[in-house]
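Novice: Sequence:
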Amino acid sequence: MKREISISLAIVFSFFAATVSKARQAPDCAAFKTTGCYFNGAKPGAKAPLLIYYRGHLSAQNYPTGGLYGGHITGPANILSSARSALTFYGLKQLALDKGLVVLVTGSSDISVLQIEVDDLQSELGYVFPRVSLAAHSGGYVGLSRSIGTLNRVDDIILLDPFYTDFAAKIRPRILEGAACSGFYTPHNAKRYKQYFSGLGCQVEARTGAADHENWVAPCLEHAFSKDNTPTPAAAP
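Each residue of the sequence shown is one higher than the one before, counting from 95 in the numbering used here.
Among these hints, one or two may not hold up.
Have a look at the derived ranges for each label pair, beta carbon to beta carbon [said to hold, decoys possible]:
id, residue 1, residue 2, range
1, Ala263, Gly139, 39 to 47 Å
2, Ala300, Pro224, 31 to 39 Å
3, Leu191, Glu218, 16 to 24 Å
Within a straight-line C-alpha distance of at most 27 Å, the following computed DSS-like cross-link-like pairs (lysine-lysine) qualify [stated by the list, open to error]:
id, residue 1, residue 2
4, Lys288, Lys264
5, Lys137, Lys187
6, Lys187, Lys141
7, Lys127, Lys141
8, Lys127, Lys187
9, Lys127, Lys264
10, Lys137, Lys127
11, Lys285, Lys264
Calculated directly from the structure, the hints in this document are not laboratory data. Quantities reported herein were computed from a predicted structural model and do not represent experimental measurements. All C-beta atoms in this analysis are idealised placements derived from N, C-alpha and C, irrespective of residue type, glycine included.
Based on the sequences and whatever the hints tell you, model everything.
Specialist: Following this line, the structure appears as structure tokens:
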């Protein structure tokens, strides 16, 4: 009888351990609160750095499913669909797998990620993130602006053509605290970058084509995490 109980308990514990392991490294972008989704690309047994990706406005190009366009997406299903689309379109899933990152993707450009949500994700995964990087694409500067003052740590800020006037003042304090800053801008934002952001000391690359607003996101992120999961500066303009 005792042997049967022991075997039964062993089976239960094995099932529980497998379930926890599967939850901690989901094969897809797992829904996360009302924010969007996260993909866990952590290497086995590793404590992965966190990349929070604030997605830009939806368009026919970056959201080919159609039906949802603009900067304010509502409803849990739509937000999740938008976040998962960004994960694929911008190569975030592959980036997470290649670099061993946890990537949290917002499903609307105006959605914030506050410290309490980072804490909840850390609790879900069972460890504290050793590094936190923020990336804002285009209109995603709105979500990042609403988040950055609440976060306990910001190691890196990656600017994916999000150069709007009021955004510079939001990120300046974290840069002065030591956060690294890199990214790129396209002709559409060149004037605003030079007027409001050039004095921040960010290593930002000047792109010459309008299409790079979408097409250069993945290469820029790949370059940023090209060594030891630590963003490295892009080429200066």
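Novice: Let me make sure I understand: some of the numbered hints might not hold for this structure. Which ones are they, in numerical order?
Specialist: As far as the earlier hints go, not one is violated by this structure.
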